[in-house]
Amino acid sequence: MSDATDTSQDAVPGHLAGHITSRVGHNSGDLIEGETGPWEVIIGLEVHAQVVSESKLFSGASTEFGGEPNSHVSLVDAAMPGMLPVLNIEAVRQAVRTGLGLEAAINLRSVFDRKNYFYPDLPQGYQISQFSDPIVGEGRVTVDLEDRESFEVGIVRIHLEQDAGKSVHDRLPDRTYIDLNRSGVALMEIVSKPDIRSGAEAAAYLAKLRSILRYLGTCDGNMQEGSMRADVNVSVRRPGDKLGTRCEIKNVNSIRFVRQAVDYEARRQIEILEEGGAIDQETRLFDADRGETRSMRSKEEAHDYRYFPDPDLLPVELDQAFVDEIKASLPELPDAKAARFAAEFGLGEYDAGLLVAERETAEFYEAVVDADGAGRDPKTAANWITGDFFRRLNADDLEIADSPVSAEQLGGLIDLIADGTISGKIAKDVFDEMFDNGKDAGDIVEQKGLKQISDSGEIAAIVDQIIADNPDQADEYRSGNTKVAGWFTGQVMKATQGKANPQMVNQLLQEKLGG
Amino acid sequence: MALDTDTVRRIARLARIHVDDADLAPLADELNNILGWIEQLEEVDTDGVEPMTSAVEMVQRLRADAVNDGDLQEAVLSNAPEPNDGFYTVPKVVE
Amino acid sequence: MAALTDLTIAEAGAGLASGEFTARELTDAYLSAMEGARDLNAYIAETPEQARSMADASDARRAKGAAAGPLDGIPLAIKDLFCTEGVLSSAGSHILEGFAPPYESTVTQQLWDAGAVMLGKVNMDEFAMGSANVTSHYGPTLNPWKAASGDAAGRDLVPGGSSGGSASAVAARIAAGATGTDTGGSIRQPGAFCGIVGMKPTYGRCSRWGIIAFASSLDQAGPLTHTVQDAALMLGAMAGFDPKDSTSVDLPVPDYTAAMTGDIRGLRVGVPAEYRMDGTPAEIETLWQTGIDRLRDAGAEIVDISLPHTKYALPAYYIVAPAEASSNLARYDGVRYGLRVEGENLIDTYERTRAEGFGDEVQRRVMIGTYVLSAGYYDAYYLKAQRVRTRIADDFRAAWDSCDVILTPTTPSAAFAIGEKMDDPIAMYLNDIFTVPASMAGLPAISVPAGLSGDGLPLGLHLIAPAFGEETLFRAAGVLEDADGFDARP
Ligand SMILES: [Mg+2]
Ligand SMILES: [Zn+2]
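Residue numbers (the working numbering), protein chains in the order written: chain U, 1 to 515; chain D, 1 to 95; chain L, 1 to 490.
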């Protein structure tokens, strides 16, 4: 559950509560040096991911985001008397697909339970969720970080459950407004083991999980719209000690905030412990404006959710063929793709990771490398995409799908560098122009006369001229200060508006200055 | 396992039913009477017996993922005590 | 000619078909009978205008030769637990006072599709929690029967419950038939108390969609009628697969009246030893023996059987049903419909709304249900009860090896006076001691009027069949009915 009153520390059954971390050791860089010595931070995430489906988990109302309040609401979602839930097969399929994507065990028999509590945006007075028999069991996610070895985060379970409605508190001072459009939308709750050791790792885990779900097409990962939210469990301990008391930071809705929340919360706990205090097991909120976590005011009582199997629903029994069919349709996932990119294209682990993080990027990359069997240099293609291409997408705040430069066009630009038509430096300017107006590289080079000068006679004449015009610098070079060569190169490039073939310039300069 | 008044108060709170303090003790007696009678179930040997999950032997039917419901704003609000602007409203929730 | 309201559904159907009278005439007869019987407090909402327009529509269909079937033009009473579009559907509770749903329950919709006419909504125990129809927010319903002698003589009697309004209305002939719901005996026990037939089908046979939930794993809709044949006719229209109810069973609905062949030769009738309980009045034992004799005389083979966990069904029921109810009734929070009692803040508003909106028995059961599900008690109570339930179902499964149908009394006593057993919940619960085991196992069962008590009050015999054995049930019940020749009237 994800509502504000859900202060449960054991939404997951006790024996699965994730107190067992499968991670051995830690990166020493993650230890936090306190006043009294080093501390280790232990983090586990419960991620609520909205299932991609047309209709809700138990009703035929639309899952579309937004809309008039209470318009995407069926009688079932409003919990009118006598209404009954009927399970959406697509939600089941998506959960199984997600489980398979996380290399998890699929439970062929699972049970929907009722989690009972009162809250105005929970119309039934209970949330239909899965408690002791979730649809997906243990799995794993491999997480990569830029400058270190990748690590594995264990998945405890994934269960399906209903989302709650939305409470709007700011329309009137003494009233809360309730919109049930989200009520009943299918969520997957993905519970990790406490295998995460820093804010950066937590952020990287969430980013990786998001990437996998987007590959699978089971969650759109749109964190602004709340399609993914994380409950972050944080505790600290002396390295090697038993686990400390944890706090749960609810509903953190961006990857950056997860990192900030963990970093803040870890320091807060360390400060308390170092002053001789104790950590209260509690639910906290992350205040993004202040960059800090704070205790929730409404934790006035302990919850007792009185879980029991929903008598309106029978146990879900899947046959292996259903699972196998989904398995056969799984796309190549980021890890497999990265491994293939490394093997096939000779890319480094980090570059490969960057290229596969989004399915669209990976597809774009493969198109650049091999559009129409062009067989372009994979490393050059990788450098262009992770470099200038990403730079412009970010600067213009564009998704890859909206890029004004197509994979074929970028490939065309790379071809012009490869065959010596333009220099790499000129190419950057050409690329920016392509990005600005969507033209092909060849046309821009043609129109602006940007072709590289590779005529050695023409370059030699210019080199001669510049040496003649700058006898002092030439003498300096000849007397042993060869660094002056760079200055001469610059002068030649300036004279040719950067079009001179740089290799030829260097070679000729060496000959003529040395000669 | 007899209920004391504190437990009755806690249960009433969980069930969101207001019970006046004066009524807690008589209510505890009533509930204890029923629970005492129920305790005869302890006589039944249920070792190794699966709890019943459904009175009918059938498997969960699954529905196709189609939008064929909703768009009932007026209907779902038609019995609301205090609808406003398409919303249900309640006394302010303090968080 | 007898009054139109004296006819059974089958007889009225024949009269309509032959043009002897119109649906409008039949309906008007019931509407005026209802006016004359308001002191029974059976109806909590009469719908005369709707009734007349439905009757007129029926007559118009018939005139075109397009009558929908045996129920076309038959005036029925609907238990207030069924949601009926635009018409009060309150479950007999203050918390749903004035609630007019913008939808129609599947079962009632099927009845209207079959041409039946709605006379109104009938009284019931609040949220179907009770066995005497005394917990309704609208006050008790009276049993049209009066005791000729004994303690209860001269006093108003309960009609049984929770479908007390349904049973009273049919017995008093202010409805040709009525819908009821049965969770632990709520159709069969009032049927027995009012001298009519009450039938609970197999769990999953009728859709629960649009029926206000009490205990989801037990609730089933069923008919209350004068005759077994009428029950078969009504169930034929009420039953059927509904994709909107995940526990509804996708099986074709047989012609139940065709199953009533009158021939039970060779039918094996089980008589469970454990239903002979201490303290059961001798006249109930006698009634039971009479039923056994009559079935044997009709050619059935009587088989002694054992259902060892019979006595544990009731206490297990009083865990399972309140547990489910505590959760099912959480939606009555004053936010989206029904009563709202504004408090100092949101939680206070919830607590005041539910304290004022729910009556004592409902509060008691919600509290019990909340407790048995709460942390630390779930295993000892709820899980234990569900395990006992498995044993009860296993008892029946084993019994079907040696018998085809089981005969027991319906109730341990005849109707009692209003006010009795009110301060002793367990005494009240014991009314359902014979009906609850079949409920716990989800089995179909029927109560057939079988004689009068020494005080002149009706008593019922109870038949239980295997899951989806409704046809066997109707066949055996029809024979029992014929043999009894029960024709006493209140
Ligand atoms: Mg959680
Ligand atoms: Zn959750």
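One should not assume that every hint holds.
In silico negatives: residues of chain U with every beta carbon more than 12 Å from chain L [to be verified]:
#1 G37
#2 S59
#3 G67
#4 S71
#5 R114
#6 K115
#7 R140
#8 R171
#9 R229
#10 R306
#11 G375
#12 K483
Sample of chain L residues at the chain D side, in silico, Cβ under 7 Å [stated by the list, open to error]:
#13 R61
#14 P102
#15 S216
#16 S217
#17 R265
#18 L267
#19 N345
#20 L346
#21 T349
#22 A355
#23 K384
Don't read these hints as lab results, they were simulated from the structure. Treat the numbers as computed from the prediction; the structure is a model and nothing was measured. Don't be surprised by glycine CBs; every beta carbon is placed ideally from N, CA and C.
So, going through the hints one by one against the coordinates:
1. G37: Holds: least Cβ distance 38 Å, greater than 12 Å.
2. S59: The assertion about S59(U) is violated, with a minimum of 10 Å to chain L.
3. G67: For G67(U), whose nearest Cβ neighbour in chain L is about 18 Å away, the distance exceeds 12 Å, so it holds.
4. S71: Given a closest Cβ separation of 15 Å, the condition holds.
5. R114: The claim breaks: R114(U) does not keep its Cβ more than 12 Å from every Cβ of chain L (closest is about 5 Å).
6. K115: 10 Å, violated
7. R140: The assertion about R140(U) holds, with a minimum of 31 Å to chain L.
8. R171: 16 Å, holds
9. R229: 23 Å, holds
10. R306: At roughly 4 Å from the nearest Cβ of chain L, R306(U) sits no farther out than 12 Å, so the non-interface label is violated.
11. G375: At about 55 Å from chain L, G375(U) clears the 12 Å cut-off, so the statement holds.
12. K483: 76 Å, holds
13. R61: 29 Å, violated
14. P102: It holds, given that the least Cβ distance between P102(L) and chain D is near 4 Å, below 7 Å.
15. S216: 10 Å, violated
16. S217: This interface hint holds because 6 Å falls under the 7 Å limit.
17. R265: 30 Å, violated
18. L267: It is violated, given that the least Cβ distance between L267(L) and chain D is near 24 Å, above 7 Å.
19. N345: 6 Å, holds
20. L346: 5 Å, holds
21. T349: Hint on T349(L): holds, closest Cβ of chain D at ~5 Å, below 7 Å.
22. A355: 4 Å, holds
23. K384: Interface hint status for K384(L): holds (6 Å vs cutoff 7 Å).
Against the hints set out earlier in the document, violations occur for numbers 2, 5, 6, 10, 13, 15, 17 and 18.
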